[in-house]
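Q: Here is what each chain is made of, one letter per residue.
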Amino acid sequence: MEGRPTVQRRDTTNLADILDRILDKGIVIAGDISISLVDIELLTIKLRLLIASADKAREMGINWWESDPWLSKGDNRDATQDGNKDRASLESRLDRIEETLHRLELPRTRESDRAQRR
Amino acid sequence: VPRDDDGPVYFYGIVGRNRRPAGLVGVDGQMTAAIDHGELTAVVSPLQTPSLGDDVATLEAQVRAHEAVVEHLLANDTVLPTRFGTVVASGVQVRDLLAREQVSYLQALQRLAGTVEWGLTVTWDAKAARTHVAAKSTAVVSATAGPGKAYLLSQQQKKAVSDEVQSTRLALASRLHDTISASAVEAAVRPSRDGQTTVLLASYLVARMAQQPFRDGVDAALSSIEDAEPLGLQADLSGPWPPYSFVSLAEAPA
Numbered sequence: 001m002e003g004r005p006t007v008q009r010r011d012t013t014n015l016a017d018i019l020d021r022i023l024d025k026g027i028v029i030a031g032d033i034s035i036s037l038v039d040i041e042l043l044t045i046k047l048r049l050l051i052a053s054a055d056k057a058r059e060m061g062i063n064w065w066e067s068d069p070w071l072s073k074g075d076n077r078d079a080t081q082d083g084n085k086d087r088a089s090l091e092s093r094l095d096r097i098e099e100t101l102h103r104l105e106l107p108r109t110r111e112s113d114r115a116q117r118r
Numbered sequence: 001v002p003r004d005d006d007g008p009v010y011f012y013g014i015v016g017r018n019r020r021p022a023g024l025v026g027v028d029g030q031m032t033a034a035i036d037h038g039e040l041t042a043v044v045s046p047l048q049t050p051s052l053g054d055d056v057a058t059l060e061a062q063v064r065a066h067e068a069v070v071e072h073l074l075a076n077d078t079v080l081p082t083r084f085g086t087v088v089a090s091g092v093q094v095r096d097l098l099a100r101e102q103v104s105y106l107q108a109l110q111r112l113a114g115t116v117e118w119g120l121t122v123t124w125d126a127k128a129a130r131t132h133v134a135a136k137s138t139a140v141v142s143a144t145a146g147p148g149k150a151y152l153l154s155q156q157q158k159k160a161v162s163d164e165v166q167s168t169r170l171a172l173a174s175r176l177h178d179t180i181s182a183s184a185v186e187a188a189v190r191p192s193r194d195g196q197t198t199v200l201l202a203s204y205l206v207a208r209m210a211q212q213p214f215r216d217g218v219d220a221a222l223s224s225i226e227d228a229e230p231l232g233l234q235a236d237l238s239g240p241w242p243p244y245s246f247v248s249l250a251e252a253p254a
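Protein sequence lines correspond, in order, to chains E and C. Per my numbering, the first sequence runs over residues 1 to 118. Per my numbering, the second sequence runs over residues 1 to 254.
If you're looking for bench data, these hints aren't it; they were derived computationally from the structure. Think of the CB as a built atom: it goes at the ideal place given N, C-alpha and C, for glycine as much as any other residue. Treat the hints with caution; some may be incorrect.
Here are some chain C residues the structure puts well away from chain E; computed CB gaps all over 12 angstroms [stated by the list, open to error]:
| id | residue |
| --- | --- |
| 1 | G148 |
| 2 | Q155 |
| 3 | S183 |
A short, non-exhaustive set of chain E residues, derived as facing chain C with CB atoms under 8 angstroms [claimed, not checked]:
| id | residue |
| --- | --- |
| 4 | T12 |
| 5 | R48 |
| 6 | L50 |
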């Protein structure tokens, strides 16, 4: 055993920590659809993509979707079309990213995760 | 003065009117503006397109811009932060919102005055914890049992140890939380995400003047447990944050 426990201090510029707070907390303007213009469902999907890409994947050097011709083409095409198609594309992309991350994460320990962050 | 035709705005949060903030650089590089009503000031910035996150890099920049503005507000005074992605159709509607919710927003500003949020994640070494629990466990395999029975007994023992690990984890969480929340104004415990390594996931509302004692208290609480039981405890503290975890429930309009 390593003796005394460590209390690490992380600052508030850590993207994962920011996301951990600002996505499901804070004041919500609920019950008044007329003043909320954001498609929350779509935004949530995009944010999950951000979490997957920025916090873990990029750290591990995973950026296959950036060069995947099908994905990048899909992005451009969907941006000009209706929201449903955009969403479907994002969802399938997200599923694959999260699946990949999950596979890659299995052999990793928390300690090595920490060491890499420092 | 906001007009009806002033277009959609990104809404960062609410501060007291006497603390009217100077312009800050916000989402998409737009300068923030203040919208006043009574004793309240909403901080917003114009938004060219009401959709957020055209791509991941843009979304990250927008997320960081949101946080930067709210933290600037926090540096000077109490702030009620909005959830990321709060976009309102016009400045006039923001002012209407302030008018409608003014009582609860003022109460929240008062309640949160002089405080900040700290986030805490306590983990343990799941393997060390299991070993420790197993060593103390009263569920023992009989040495004289035949192979079939021994197998069943060992399965039972495994299950018993797992149950004990879980109850130890929960007991540890409540013990830590009780100690730590004693030096906080309010606390919000969140469900553990993995149920394995995470012992405690919580946010604490701490008086600005008491942040160092709070952090020392976290340290002491962990050390006192680890000294008695080698569980490989680790803690991540993050802060000071705007009080995101302490506005969502109280201020959600009915």
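Q: Quick one: work out the minimum CB distance from S183 (chain C) to chain E and report holds if it exceeds 12 angstroms, violated otherwise.
A: Its Cβ never comes within 12 angstroms of chain E, the nearest being 14 angstroms, so this holds.
Q: For Q155 (chain C), which was marked as not at the interface, is the minimum beta-carbon distance to chain E over 12 angstroms?
A: 25 angstroms, holds
Q: Is the interface hint for R48 (chain E) satisfied, with its Cβ closer than 8 angstroms to some Cβ of chain C?
A: Not OK, violated: R48 (chain E) not within 8 angstroms of chain C, min 10 angstroms.
Q: Does L50 (chain E) pass the interface hint, meaning its C-beta sits closer than 8 angstroms to a C-beta of chain C?
A: 5 angstroms, holds
Q: Confirm or reject the statement that G148 (chain C) sits farther than 12 angstroms, beta carbon to beta carbon, from all of chain E.
A: About 33 angstroms separates G148 (chain C) from the closest Cβ of chain E, which puts it past 12 angstroms; holds.
Q: Against chain C, run the beta carbon of T12 (chain E) and see if the smallest gap drops under 8 angstroms.
A: Holds - the Cβ of T12 (chain E) comes within 8 angstroms of chain C, reaching about 6 angstroms at its closest.
This entry does not satisfy hint 5, going by the numbered hints stated previously; all others are met.
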